[in-house]
Each structure stands twice: as structure tokens, then as C-alpha cells.
Amino acid sequence: MQVRRLAAWAALPLTVALGLSACGTGGDSGSTNPDGVVSIGIAEPQHLLPGNTNETSGSQVLAALYSPLVDFDEANKPYEVAAESITTTDNKTWTVKLKDGTFHNGEPVNADSYLNSWNYAAYGPNKQDNGFFFERVEGYKDLNPSDANATPSAKTLSGLKKVDDKTFTITLSEPFSEFKALLGYTAFYPLPKAAFEDPAASPLVLKKDFEQAPIGNGPFKMKGAWQHDSKIEVERFADFKGAAPKIGGVTFPIYQNSQAEYADLQANNLDVVKTIPTEALSTVQGDLGDRFQQSPASTFQFLAFPTFDPRFSKPEVRKAISQAIDREEIVNAVFQGSQKAAYSFVSPVVAGYRDKSCGAACDFKPAEAKAAYAAAGGPKSLNISYNADGGHKQWVDATCNQLKANLGVECVGTPEAKFADLLQNVEDKKDVGMFRMGWVMDYPSMENYLNPLYSTNGSSNYYGYSNAEFDNLVKQGSAAATSDEAIKKYQQAEDLLARDMPVLPLRFGQNNFGHSTKVKNVSMDLFNRVDLNKIEVVS
Amino acid sequence: MFRYLVRRFLQMILVFIATTFIVYALMYATGGDPIQALAGERPVSPTQRAQLVKEYGLDQPFWKRYLDYLNDLLHGDFGQTLTGRSINDIIAESLPTTAKLAVIAILTTILVGVTAGIIAAIRRGGIFDNSTLILTLIIIGVPTVVLAPVAQLVFTIKLPWFPTTAGEGNLYALLLPGIVLGALSVATAMRLTRTSFSENQRSDYVRTARSKGLPTRRVVGVHILRNSLIPIVTFLGIELGALMAGAIVTEGVFNINGVGFQLARALRTEDTPLVVGIVSVLVIIFLVASLVVDLLYAVLDPRIRYE
Chain A
9 MQVRRLAAWA ALPLTVALGL SACGTGGDSG STNPDGVVSI GIAEPQHLLP GNTNETSGSQ
69 VLAALYSPLV DFDEANKPYE VAAESITTTD NKTWTVKLKD GTFHNGEPVN ADSYLNSWNY
129 AAYGPNKQDN GFFFERVEGY KDLNPSDANA TPSAKTLSGL KKVDDKTFTI TLSEPFSEFK
189 ALLGYTAFYP LPKAAFEDPA ASPLVLKKDF EQAPIGNGPF KMKGAWQHDS KIEVERFADF
249 KGAAPKIGGV TFPIYQNSQA EYADLQANNL DVVKTIPTEA LSTVQGDLGD RFQQSPASTF
309 QFLAFPTFDP RFSKPEVRKA ISQAIDREEI VNAVFQGSQK AAYSFVSPVV AGYRDKSCGA
369 ACDFKPAEAK AAYAAAGGPK SLNISYNADG GHKQWVDATC NQLKANLGVE CVGTPEAKFA
429 DLLQNVEDKK DVGMFRMGWV MDYPSMENYL NPLYSTNGSS NYYGYSNAEF DNLVKQGSAA
489 ATSDEAIKKY QQAEDLLARD MPVLPLRFGQ NNFGHSTKVK NVSMDLFNRV DLNKIEVVS
Chain B
68 MFRYLVRRFL QMILVFIATT FIVYALMYAT GGDPIQALAG ERPVSPTQRA QLVKEYGLDQ
128 PFWKRYLDYL NDLLHGDFGQ TLTGRSINDI IAESLPTTAK LAVIAILTTI LVGVTAGIIA
188 AIRRGGIFDN STLILTLIII GVPTVVLAPV AQLVFTIKLP WFPTTAGEGN LYALLLPGIV
248 LGALSVATAM RLTRTSFSEN QRSDYVRTAR SKGLPTRRVV GVHILRNSLI PIVTFLGIEL
308 GALMAGAIVT EGVFNINGVG FQLARALRTE DTPLVVGIVS VLVIIFLVAS LVVDLLYAVL
368 DPRIRYE
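Residue numbers (the numbering used here), protein chains in the order written: chain A, 9 to 547; chain B, 68 to 374.
The shape of chain A in the complex, shown without the other chains:
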């Protein structure tokens, strides 16, 4: 978030100089209304349950209702919020001590609140979207048998143990130094006893209507129930023991169509739009002025090579293709600056990020690339597969045109109906050529950008990249004693990627958000959520 802060400071004098301050953010002198209500546009959430909410609309609402164990500081490192301390000696057994807290129904937050919530989420038959976050906890496999029709042999995670009312331990199946960073996500919120039919039962059964008005431990509580396709309202929870927010409540109007949402912002009926629709990006500066803001987001777009395909097996070929792509041109011409060119394998939102870690391999050097490509015997014709439903055609065609011009090869974009079809073709080792991939982090750690994507057994390693040295470094990082040591190992692993180029980094995502004249101090956190602790209402 450092970057965004700097941008805001730089933007303020600029607007004054240009005389555009008529609809400014209010500056620091304007008074604020601590009881004001903010409206933030969302889409209809799929679910409102910690273990089952994995999209930004639902997690935005849950962020108001729940207080996480850890949050992330300016350097994107985790610090305790609802937890008093989170400690470990061996990266395998983690001890969590809780601060005092109350749920909105008056129940105290204790160790059981967490164990119940996590056990419910991890239990396979509950088919929770966030169940996989507990993969690292000991006993996860017993709750999720490989044959899905079989009844799991255990009903609770054997790695979770209650020590006393305010303390519990988590045992992982393997040491993982970055585990604390995981705990900041939606999946790790607690649930009150009132969420379950019978809190003593095993396995736990969720009350049917709990999702309609979730009870949390956070700064805001539900005001009425979830009004499907219409809105969700929350108001300040008087007994909240943590840092109090500076607003009285939040209304989340639900939009199906992002342009309708943007129109409401233009009419000043809505306070925050988290994602400005692509169609409006060319006019947004004129519409909103300095109320349009950008900040780094966790998404990472890249081009992958089927490294098992002999045409692409040489790193020199992959590197030459990388150097023939002018990333800046595509970002400006196709995306109108709504994304950022990527010169690293790890997103700027995680600790350990280094700019240009890809080095010379990502620099735009068309002449050198052409010579190297010819020398390495790169294929005469290329194609880039993409999913047609995601708005990728334009940039894929633009990339192809650059390759045609700079390498003197043939290049076409090959659309597939769905992303899943594309991945299936890759898995079946069909001739897909290069293909587009995207990644959104699950937890803010370098590890999340390395292990799943490039380890030999990585869950999303579709390109067959396998490097024992890389696997080893990632493993060492996960077992490192401190997070600084872990980052060092991860950075070494990232350097190997720059050498081997199994994929070409293309772009990092940005939050492109805008706000009305009625609010100020609007910022986005790592998970594409508006930071409800900072936002203020101008009175």
C-alpha cells in the first residue's frame, strides 16, 4: 500500500495546481461525520459464510462483519488483530492466543469459535469453497477422502487442539513458515455457537438461515437480513473491542451490471465503486477527476508454455519470445493503464517483491530477440490459446501482432469457449501452443506465487515445469526459521524462474476504484476490499 500512499500525496498538489479541486476528496481540513453511512457497490454474493465465501463481493461484506486474526501492514507483513499472539518454534505447531472479543449476539469469542468454524469448513461433505485453505493442517486428508462418495474417516481436524478458553494450537502436516499470512483470509474467521444446530454435535450442522444474517465478531453487525439482489446493510457494533471504524454503518447495494453501478457513482448516489467498468476507463478521468484511484492488486496475468512440447522446450526460445513483447504498449493501448506491465513473477502486494526480478529476459529488445530466436531454432508459427469468455481477444491479438512484427513468425490467437476447456486441452497435451493464464493469490506470501504454479507437483502447474533445485528452495523457504529467511529462499527460487522462463510475466492487476464526493480516505486492501477502518464520511 506504500505505493498508493505516495501517489495520493503526489496527486494533491497537482490537482490544486491544475485548479481541478472543485470536486476534491475534501482534503484533511474538512470535518467528518462519525455516524455517516457509506454505500459500497457489490455483486450478489454467492454465500455469506467464512468457509464458503471466495469472491470479492461476499468477502467485502464479511470484512465488515468479522475481525480477522491477522491483518497486513504497510510492508504487507501480517500483524495480530483478533489474536493476542501467534507463535511457533518449529513452523509446524502454531499457538494462537486470543484477545477478548464478543460476537454480535453477545457470545464471547473463544477457542471453540475458531475450531468449530474451521472444522466445519474443512469437512469434505460440507463442500465449502474455502475448504482447501486447511489442506496444510494435519488430518485434512481424513476429512476429504479421495473417493468423494465415501464417508470421511474423521469429523474434525486432528491438527486443531484447544488448550484453554483463549488458546488453541494448530499442527501442520509439514512446516510452513508463512502460515501466519494465511490466517488473514475470510476462511479463518470464527463462528458463534448460534451458527450451528447443535454446537456440540460432530460433524457440525449449520443452521439453515445463518447465512441470511451472519453473526460475526467484527466492527459492524447486520442491520436486518440479506436482501437478495437488492442490498445488504450493516451498522456499527457498539461492543466491538478492537479499533473502532470512523463511520456509523455501510450499505452494500447489489448490482448485476457494473455499468449501472458506475452510473450511480456518477450521479453521486453510490459512494464507492471497487472496479470501474472497462467501458468507462477512457472517460473516468473526466468523470471523476482525482476521485478515481488506482492501487496494486494481487492478480497476475501471464503466458505459459507447454514445456513438454519440443518446440518450446528450450529456454532460449521462451526468452526470445518474451523479449519480443512490448508489455508497456499493450498495457497502454489495450488496457488504458488499468493494469500494469509485469517484470517480476511475484506480485507487488506481497512482502519480498522485487521490481524487474525477471531481469533482461523481460526487457523489450526486438532485434536481439529475433537473432536469438533464429539461433535457437524457434518454431516458424506460433499460436496463443485463450478463453473467449474473458475479454482476452484484444490483448492476445495485439501480442500476436508484436510477435509477427518482431520475430518474423506467423502467430494467431486460438479461442476456447471456457477456461476449463483450455486447461483440459493442456492436460490432455493437445496442441494448444502458448496459452494465457491468470493467478489471484489466496494469501499474501511469495510462496503462493511460486509453489502452486511452478513446483513439480504444484496444483496449478499446467505447463510441466519441473526443476529439483526450485522445488528444494521453495521447501527450504517454507521451513525457514524467520519470514525474512524464507523470503530470501523464495527470491532465489524466483531467480531460477527468470533463468528458465517457464512462463512469461505480462501484467499485474490494479484496483481501479472511484468514490463519490461524500467520502474520503478510500483505500483498497490486498484482497480487493475497501478498507472499512480508514474510510470516512465528509460532513
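Please note: incorrect hints may appear among the correct ones.
Under the rule of at most 27 Å between Cα atoms (straight-line distance), these lysine-lysine pairs were calculated in the DSS-like manner [what the hints assert, rightly or not]: (1) A:Lys496 with A:Lys526; (2) A:Lys239 with A:Lys215; (3) A:Lys149 with B:Lys121; (4) B:Lys121 with A:Lys163; (5) A:Lys231 with A:Lys107; (6) A:Lys107 with A:Lys149; (7) A:Lys85 with A:Lys364; (8) A:Lys437 with A:Lys426; (9) B:Lys121 with A:Lys216; (10) A:Lys216 with A:Lys85; (11) A:Lys412 with A:Lys437; (12) A:Lys426 with B:Lys121; (13) A:Lys373 with A:Lys412; (14) A:Lys163 with A:Lys216; (15) A:Lys528 with B:Lys225; (16) B:Lys121 with A:Lys239; (17) A:Lys169 with A:Lys100; (18) A:Lys526 with B:Lys279; (19) A:Lys85 with A:Lys254; (20) A:Lys249 with A:Lys170; (21) B:Lys121 with A:Lys215; (22) B:Lys167 with A:Lys239.
For the record, the hints were derived by calculation from the structure and aren't laboratory data. Given the structure is predicted, the values throughout are model-derived calculations rather than measurements.
Following the hints, put chain B in place on chain A, whose structure we already have.
Using the frame of chain A, we list chain B on its own:
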């Protein structure tokens, strides 16, 4: 009359079953993966997938799935969406909103289209006739995807006369989208009224009426109007059915939680139960609308009888 109604009802049942079958089969044949559609580009864990497959019977053969569905449907149960919401609730919430919108649209069409058509027919070849001809041609040439956002920009943002979006579904908020929807059929209604009206103006019974000394108001208002209404009623009846089907574009632009809004989402997320559920309701609406239109013929023209 009674026998006619019975015959129509039997036909309706056949049509209803056939359409649900076709829609169900089409959704099935697209061969998409609803579970993946729900998850977006995120991988779905095998356990989770298997659980969902079991719960929604995605591994059952087509016939079994369709018959199960039809059985529930005939018991008035539309089932659940893939995110676990009751489809009955969704339809109960969205249908009244769409109905309000449709009524506003139809009233706009009648007030503007039919009235202007009558005036144009009476003063055929005049300035009013020619200017409305040009105007309606322009409106008919502008698609909703342009008309709706432009109306929104002009009348809610530049001139803040109306609410920008209508999430809550109150009548005032629905006014502008209703007028936009109605504007599209104004042109057709007007041309239709004008033609039908001017044709009848020249018929024998009008000449007779005039020659026996009836006042013009009565000739126009009773004799010509009533006889000219038949094609217009047909048009409006079908139009009302179409409007009830929800205007996907308009409801999207104004964020109206109606049938079109739900249908658009169901299609995007490949939510088969929701798509088929909504379509089934729409089929019923269309069938009833066309039955009412047919019955209205007999009211307007006593020569038509249903035996």
C-alpha cells in the same frame, strides 16, 4: 365457448411440456460445466465437485433428470439454484417488479403510440403525420443497448430528474426504464394504428354513419376506433408477453431486479435449474396472454365466435 376453452387448455399443457423439454435439453446439450462456471477460473477441489455433482444429480442420465425436474415442477417446486437459493423465492421477488415495468411500458405505448397514430390517421399527409413518421423511424432504428444508457445519462446524471438505478423497485424509479422500454414499441404501435385507422376511415359503414348525420366524434370514437383496434390488441397482447419476459438490457442498465436480470445471471453462471424455471414461468405467461388476446377479439368484433 366452454369447449373452446377446454381445447385451448389442453393445447397449453402440451406446449408447456414441450417447451420445458426443449429448454432443458438445450441447457443439457450445451455441455457446459456448471460447477466450474460457478467457481470462475479457480480450480474446484475433487471432493467439492463430487459433492455438488451428487447433490444436483449431475451424474444422472438425461431422462431421469428431466422427469425428476418435471415432477417437482408439477408440484409447484422449481427447485434450487446452484448456489442453494429457492427458485420459487427468486421468481416471486422478480416477477412483480417486471410486471410493474411492463405495465408502465404498455401504458406508454398506448398513450403515446395509439393516440399519435389516431391523430396521424385523421390528418393524413399533414405536418404531424410526416414529423411523427420521421421521429418513429429514428426511434425504431436505435437499439435498446444505446437508448437505455443514453436515457440514463441524460435524465438521471446530467439532469437529475429520475433515480439512476432502481434496485428497490418503487414505481417512480421504474418510470424512466418503463418509458424507455415502451418507446421501442411506440413506433410500431403508431404505424399499426395509423394504417388500420385510415383503412377503416374509407369503409362503407363509416360513409353510412357520416351520411346519417352522426357527429364526427362519435364516428371516430366508436365506429372507426373499435374496428381498428383488432390488430393493435393483437400487437399489444404479444408485446405484453414479451415485456413480461423481462428486458435483459434495460433491466441490466437500470439494475432492476426483474425476470430479465435473473435470466441474464442464470445464463452467465450456467444455472440450468434457474434458466428452466424462469423459462417455464414465461411460457405460462405467453400462453395466457395469447389466450386473452384471442378472447378479446370476440369482444371487439361480434362476428367472431368461438364454438
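Here is how each hint holds up against the structure:
{"no.": "1", "hint": "A:Lys496 with A:Lys526", "result": "violated, 44 Å"}
{"no.": "2", "hint": "A:Lys239 with A:Lys215", "result": "holds, 22 Å"}
{"no.": "3", "hint": "A:Lys149 with B:Lys121", "result": "holds, 20 Å"}
{"no.": "4", "hint": "B:Lys121 with A:Lys163", "result": "holds, 20 Å"}
{"no.": "5", "hint": "A:Lys231 with A:Lys107", "result": "holds, 25 Å"}
{"no.": "6", "hint": "A:Lys107 with A:Lys149", "result": "violated, 31 Å"}
{"no.": "7", "hint": "A:Lys85 with A:Lys364", "result": "holds, 21 Å"}
{"no.": "8", "hint": "A:Lys437 with A:Lys426", "result": "holds, 17 Å"}
{"no.": "9", "hint": "B:Lys121 with A:Lys216", "result": "holds, 20 Å"}
{"no.": "10", "hint": "A:Lys216 with A:Lys85", "result": "violated, 37 Å"}
{"no.": "11", "hint": "A:Lys412 with A:Lys437", "result": "holds, 25 Å"}
{"no.": "12", "hint": "A:Lys426 with B:Lys121", "result": "holds, 23 Å"}
{"no.": "13", "hint": "A:Lys373 with A:Lys412", "result": "holds, 14 Å"}
{"no.": "14", "hint": "A:Lys163 with A:Lys216", "result": "holds, 20 Å"}
{"no.": "15", "hint": "A:Lys528 with B:Lys225", "result": "holds, 24 Å"}
{"no.": "16", "hint": "B:Lys121 with A:Lys239", "result": "violated, 32 Å"}
{"no.": "17", "hint": "A:Lys169 with A:Lys100", "result": "holds, 13 Å"}
{"no.": "18", "hint": "A:Lys526 with B:Lys279", "result": "violated, 71 Å"}
{"no.": "19", "hint": "A:Lys85 with A:Lys254", "result": "holds, 24 Å"}
{"no.": "20", "hint": "A:Lys249 with A:Lys170", "result": "holds, 23 Å"}
{"no.": "21", "hint": "B:Lys121 with A:Lys215", "result": "holds, 21 Å"}
{"no.": "22", "hint": "B:Lys167 with A:Lys239", "result": "holds, 20 Å"}
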